[in-house]
Amino acid sequence: MRATVRGLRRWLRYVAGVLILAGLVVAIAFPQAALNAIQLPLFAVFSTTRMVVAYLLSLVFAIAYGHTAATNKRAAVVLLPVLDVLQSIPILGFFPAALVFFVATFHGHPIGIELAVVFLIFTSMSWNMAFGVYESLTTIPQDLEAAAASFGLRGWLRFRHLAFPAAIPKLVYNSILSWTNGWFFLVASEIFTAGGTEFKRPGLGAFIAVAGRNGDAASIAIGIGVLAAVVLTLDIFLWRPLSAYSERFRMETVTGREIPRVPSPYERFRWLPRLPRLRQWTLARLQPVAARSHRMSLQFERAYSGHPKVIKEVRRIDLALFLIVFVLVVSTGLIGLAQMFLRPLPLSAALLPTAAFLSFSRLLLAYGIALAWTIPVAAFIGESERASRYLTPAFELFGSLPATALLPVIVGFALLVTASFGDAAQLAAVLIALFSMQWYLLFNLIAGVRSIPDDLKEAARSFGLRGRAYWRRLLLPAIAPSLLTGSITAWGAGWNALIVSEYTQYANRPFEVPGLGSLLNHAVFDPVPDSEMLLLTILTMIVVVLAMNKLLWRPLFRRASQRFRLEV
Amino acid sequence: MHALLEVKDVTKSYFENGKEFKVLDLVRFDLAERDFVCVVGPSGCGKSTLLRIIVGLDKPTSGAVLFEGEPIRADNPQVAMVFQSFALFPWLTVQQNVEIGLEAKGTPPEERHRIARKFIDAVGLTGFEDAFPRELSGGMKQRVGIARALAIEPLLLCMDEPFSSLDPLTAQNLRDEILQLWANPDLPPKAVLMVTHAIEEAVYLADRVIVLSSRPGRMIAELQIDLPRPRNRKEPEFYGWVDEIYSLIV
Numbered sequence: 001m002r003a004t005v006r007g008l009r010r011w012l013r014y015v016a017g018v019l020i021l022a023g024l025v026v027a028i029a030f031p032q033a034a035l036n037a038i039q040l041p042l043f044a045v046f047s048t049t050r051m052v053v054a055y056l057l058s059l060v061f062a063i064a065y066g067h068t069a070a071t072n073k074r075a076a077v078v079l080l081p082v083l084d085v086l087q088s089i090p091i092l093g094f095f096p097a098a099l100v101f102f103v104a105t106f107h108g109h110p111i112g113i114e115l116a117v118v119f120l121i122f123t124s125m126s127w128n129m130a131f132g133v134y135e136s137l138t139t140i141p142q143d144l145e146a147a148a149a150s151f152g153l154r155g156w157l158r159f160r161h162l163a164f165p166a167a168i169p170k171l172v173y174n175s176i177l178s179w180t181n182g183w184f185f186l187v188a189s190e191i192f193t194a195g196g197t198e199f200k201r202p203g204l205g206a207f208i209a210v211a212g213r214n215g216d217a218a219s220i221a222i223g224i225g226v227l228a229a230v231v232l233t234l235d236i237f238l239w240r241p242l243s244a245y246s247e248r249f250r251m252e253t254v255t256g257r258e259i260p261r262v263p264s265p266y267e268r269f270r271w272l273p274r275l276p277r278l279r280q281w282t283l284a285r286l287q288p289v290a291a292r293s294h295r296m297s298l299q300f301e302r303a304y305s306g307h308p309k310v311i312k313e314v315r316r317i318d319l320a321l322f323l324i325v326f327v328l329v330v331s332t333g334l335i336g337l338a339q340m341f342l343r344p345l346p347l348s349a350a351l352l353p354t355a356a357f358l359s360f361s362r363l364l365l366a367y368g369i370a371l372a373w374t375i376p377v378a379a380f381i382g383e384s385e386r387a388s389r390y391l392t393p394a395f396e397l398f399g400s401l402p403a404t405a406l407l408p409v410i411v412g413f414a415l416l417v418t419a420s421f422g423d424a425a426q427l428a429a430v431l432i433a434l435f436s437m438q439w440y441l442l443f444n445l446i447a448g449v450r451s452i453p454d455d456l457k458e459a460a461r462s463f464g465l466r467g468r469a470y471w472r473r474l475l476l477p478a479i480a481p482s483l484l485t486g487s488i489t490a491w492g493a494g495w496n497a498l499i500v501s502e503y504t505q506y507a508n509r510p511f512e513v514p515g516l517g518s519l520l521n522h523a524v525f526d527p528v529p530d531s532e533m534l535l536l537t538i539l540t541m542i543v544v545v546l547a548m549n550k551l552l553w554r555p556l557f558r559r560a561s562q563r564f565r566l567e568v
Numbered sequence: 001m002h003a004l005l006e007v008k009d010v011t012k013s014y015f016e017n018g019k020e021f022k023v024l025d026l027v028r029f030d031l032a033e034r035d036f037v038c039v040v041g042p043s044g045c046g047k048s049t050l051l052r053i054i055v056g057l058d059k060p061t062s063g064a065v066l067f068e069g070e071p072i073r074a075d076n077p078q079v080a081m082v083f084q085s086f087a088l089f090p091w092l093t094v095q096q097n098v099e100i101g102l103e104a105k106g107t108p109p110e111e112r113h114r115i116a117r118k119f120i121d122a123v124g125l126t127g128f129e130d131a132f133p134r135e136l137s138g139g140m141k142q143r144v145g146i147a148r149a150l151a152i153e154p155l156l157l158c159m160d161e162p163f164s165s166l167d168p169l170t171a172q173n174l175r176d177e178i179l180q181l182w183a184n185p186d187l188p189p190k191a192v193l194m195v196t197h198a199i200e201e202a203v204y205l206a207d208r209v210i211v212l213s214s215r216p217g218r219m220i221a222e223l224q225i226d227l228p229r230p231r232n233r234k235e236p237e238f239y240g241w242v243d244e245i246y247s248l249i250v
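Chain order of the listed sequences is G and R. The first sequence begins at 1 in the numbering used here and counts up one residue at a time. The second sequence begins at 1 in the numbering used here and counts up one residue at a time.
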């Protein structure tokens with residue numbers, strides 16, 4: 001762990017050096033672009049703030065939702081399927097609807113757009129985190145639950161000492177995933193045109209998008225460089241230490257195995273000024289408050305558990321309220337749908353099946369390309385310590401850049417290598433899908449190769465398994481579960497990327513290919529928005545995605561995890 | 001005057017696809033102060049289920065468990081539990097793990113700290129207060145488990161196969177230490193109820209052994225082990241008891 005961090009620091013230093021050099025060259029060669037870039041640090045702060053706000057909201061939501069689903073059986077009956085659907089549908093499709101809502105609510109005030117952006121990022125972050133919390137809470141060892149119960153941990157104390165710590169490893173892991181997702185949508189949502197009006201909030205995403213639209217290569221490069229720097233800095237100083245720290249909260253199944261002590265994030269920030277006086281002062285102020293709140297929570301617990309009838313009553317009212325809201329929401333949705341289908345469908349609805357097929361084929365092509373290069377590379381990286389040391393940080397750097405930010409670069413590249421405009425658009429659409437999908441596959445596969453026990457590899461070698469036989473008998477079966485996990489996530493990302501991959505603007509020209517994504521774009525962003533087509537397209541997408549999940553991935557995953565699980 | 005613990009005709013069944021699976025059938029016994037009782041039986045006879053019902057973590061299908069004449073509740077601070085898998089909170093230090101029951105009782109921090117120290121010393125873990133469970137060996141983990149149970153100063157200590165996941169040598173050391181703690185009248189608990197599948201262990205530790213049959217668990221016998229302590233495993237009387245219980249189960 002520490003070695004990778006050190007390797008990464010070195011990597012970061014190279015990157016910083018290259019960036020500074022590139023910055024200087026750009027500043028001299030393109031003074032205009034350099035002038036634009038002066039605001040970039042401020043833009044970076046704006047964008048990061050949006051991310052942080054959305055993340056905090058997601059965190060609260062995930063804990064509340066996951067905890068309720070895990071502890072309240074009756075609520076879980078509803079909460080789990082809802083989460084399952086929300087998790088597997090392409091969120092970007094909802095953005096326009098959310099946007100219209102927020103902008104209308106705040107009468108076009110910028111705060112409405114900000115809220116819409118934060119809402120979009122929130123929806124891209126929270127589902128997997130909520131699932132992570134739910135999974136952790138339902139897999140707490142039975143004895144530990146029993147210990148907590150028999151030593152009288154209830155309510156707040158139980159949450160603090162059992163539920164929350166138990167959820168930390170999966171919560172941190174999913175937070176990192178969510179954060180990457182968040183950048184993808186942040187960049188896509190800071191600027192857009194709807195109903196002939198342009199909405200734009202200052203930020204890195206808007207900067208890169210504007211640069212791309214103008215075909216200003218220097219600004220594109222600077223923007224992506226700054227974004228990469230922000231993403232990397234947060235990764236190195238926030239997520240990596242947190243992820244190392246979360247190891248402490250992992251349940252151990254093997255007894256007597258030594259796990260090295262990991263420094264807490266606090267220890268990592270040793271280079272920050274300590275300000276001992278200020279710390280003492282704050283601690284002295286906080287301690288009585290903490291003690292009092294602890295005593296109060298205990299009193300509350302006691303009072304609360306002393307009246308089982310009241311608890312039952314409160315729970316019943318709670319459930320009733322929840323059901324009422326749920327029924328209201330669902331029935332409004334259903335009535336809306338019914339109304340829509342009772343009217344004659346719009347003419348353009350006939351386009352939907354072809355569009356779905358085209359989009360699917362494009363994703364399939366991108367998925368094939370991703371598979372073709374990630375499996376051998378993952379096998380190579382996973383088996384060689386040296387390759388891993390040098391290649392992993394490089395891939396992590398590229399992987400952490402949201403595909404939406406690379407949009408202008410990809411389209412520019414497509415224009416360079418193809419003859420016609422239409423071909424360039426097709427190539428760009430596939431490439432953007434590829435860039436959204438491939439990293440999930442790669443990182444899952446590397447983890448899969450790494451998790452093959454050394455004993456098994458040595459046994460294979462000692463029985464003379466080599467070349468094709470080694471792949472067929474050991475490597476491919478062993479990575480099957482990670483391959484499926486990676487594929488599911490990758491396809492999810494691919495569907496999400498449709499709306500940006502099938503319609504982009506570069507150098508003041510639209511690049512468009514027929515598909516569900518471009519239909520969505522037209523339904524929302526045309527001068528006359530078509531809400532019926534919007535709804536129909538989203539519905540088509542949901543149906544296709546859910547069908548794939550239920551009919552393809554789930555059964556495959558169940559089989560793979562039964563047959564190919566490595567039990568150590 | 002009530003007995004400390006009364007187990008009254010406890011029956012437990014699980015229902016699966018409308019079929020009834022009986023795990024425990026009319027188990028009935030009492031526990032008085034200064035009783036050290038072991039429940040033995042073949043694996044799958046519902047011993048652990050019985051213990052979970054006795055400490056209130058599970059409800060019996062019929063019958064009742066009374067503690068000092070009242071129906072048992074899971075969070076009763078007079079009853080403490082030691083687990084086969086130790087069930088320590090991996091994210092809390094030894095000190096914090098031992099304090100957990102006291103914290104739930106609302107004991108003030110200074111006193112909590114003092115009591116926890118006392119029992120960490122009593123199980124011989126002085127100097128490991130700030131270690132995390134994963135840094136300890138199996139035997140040390142179970143010591144933390146025992147200290148945590150004793151720290152709430154319970155009247156009844158319940159142990160579910162506490163030595164089964166330890167190597168034989170460590171297990172034997174820990175058994176002797178449990179007996180030493182038990183011999184000290186200044187330390188809690190007032191009574192011990194232990195569940196085990198190791199017959200020899202039961203004869204070594206207990207004043208009384210309750211023998212359960214295989215599924216559904218029914219009481220076959222209740223034997224008073226009147227061997228003087230310390231007991232010697234090599235003596236014929238010791239082996240006589242072991243053989244008798246063995247023949248009852250098979």
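If you're looking for bench data, these hints aren't it; they were derived computationally from the structure. Beta carbons: idealized from backbone N, C-alpha and C, even for Gly. Be aware that a few hints might be false.
[Claimed, not checked] Below, simulated BS3-like cross-link-like pairs (lysine-lysine); rule was C-alpha separation at most 25 Å, straight line:
#1 G:Lys73 with G:Lys457
#2 G:Lys73 with R:Lys8
#3 R:Lys22 with R:Lys118
#4 R:Lys8 with R:Lys22
#5 R:Lys8 with R:Lys190
#6 G:Lys73 with R:Lys118
#7 R:Lys105 with R:Lys22
#8 R:Lys105 with R:Lys118
#9 G:Lys312 with G:Lys550
#10 R:Lys59 with G:Lys309
#11 G:Lys312 with R:Lys59
#12 R:Lys59 with R:Lys118
#13 R:Lys19 with R:Lys59
#14 G:Lys312 with R:Lys105
#15 G:Lys309 with R:Lys105
#16 R:Lys59 with R:Lys22
#17 G:Lys550 with G:Lys309
#18 R:Lys190 with R:Lys234
[Claimed, not checked] From chain G, some residues computed to sit far from chain R (all C-beta separations above 12 Å):
#19 Lys73
#20 Gly112
#21 Ala166
#22 Arg250
Checklist entry - Can the restraint linking Lys309 of chain G and Lys105 of chain R be considered satisfied, given a maximum Cα separation of 25 Å? => result holds, 22 Å
Checklist entry - Looking at Arg250 of chain G again, its CB stays over 12 Å from all of chain R? => result violated, 7 Å
Item to check | Pair hint outcome, Lys73 of chain G versus Lys457 of chain G [Cα-Cα no greater than 25 Å] | outcome: Violated. Lys73 of chain G to Lys457 of chain G sits at ~43 Å, over the 25 Å cutoff.
Next on the checklist: For a C-alpha distance cap of 25 Å, please report whether Lys105 of chain R and Lys22 of chain R respect it.
Outcome noted: violated, 36 Å
Item to check | Hint consistency between Lys312 of chain G and Lys105 of chain R [alpha-carbon to alpha-carbon, up to 25 Å] | outcome: Holds: Lys312 of chain G and Lys105 of chain R sit about 23 Å apart, inside 25 Å.
Item to check | 25 Å Cα cutoff - pair Lys73 of chain G, Lys8 of chain R | outcome: Measuring from Cα to Cα gives roughly 31 Å; hence the hint is violated.
Checklist entry - Is Lys312 of chain G close enough to Lys59 of chain R, meaning Cα to Cα at most 25 Å? => result Holds. Lys312 of chain G to Lys59 of chain R sits at ~19 Å (cutoff 25 Å).
Checklist entry - Regarding the assertion that Ala166 of chain G does not contact chain R, is the least Cβ-Cβ distance greater than 12 Å? => result violated, 8 Å
Item to check | Nearest-CB test (12 Å) between chain R and Gly112 of chain G | outcome: Holds, because the least Cβ-Cβ distance between Gly112 of chain G and chain R comes to about 42 Å, which exceeds 12 Å.
Next on the checklist: Next pair to validate is Lys105 of chain R with Lys118 of chain R; report whether the Cα-Cα distance is within 25 Å.
Outcome noted: Given pair Lys105 of chain R, Lys118 of chain R holds - Cα atoms ~18 Å apart, limit 25 Å.
Item to check | Straight-line alpha-carbon gap Lys59 of chain R to Lys22 of chain R, limit 25 Å | outcome: OK: Lys59 of chain R and Lys22 of chain R at ~14 Å, within 25 Å.
Checklist entry - Taking 25 Å as the top limit, are the C-alpha atoms of Lys59 of chain R and Lys118 of chain R close enough? => result Roughly 34 Å separates the two Cα atoms, so the pair is violated.
Hint violations for this structure: numbers 1, 2, 3, 6, 7, 9, 12, 17, 18, 21, 22, all remaining hints satisfied.
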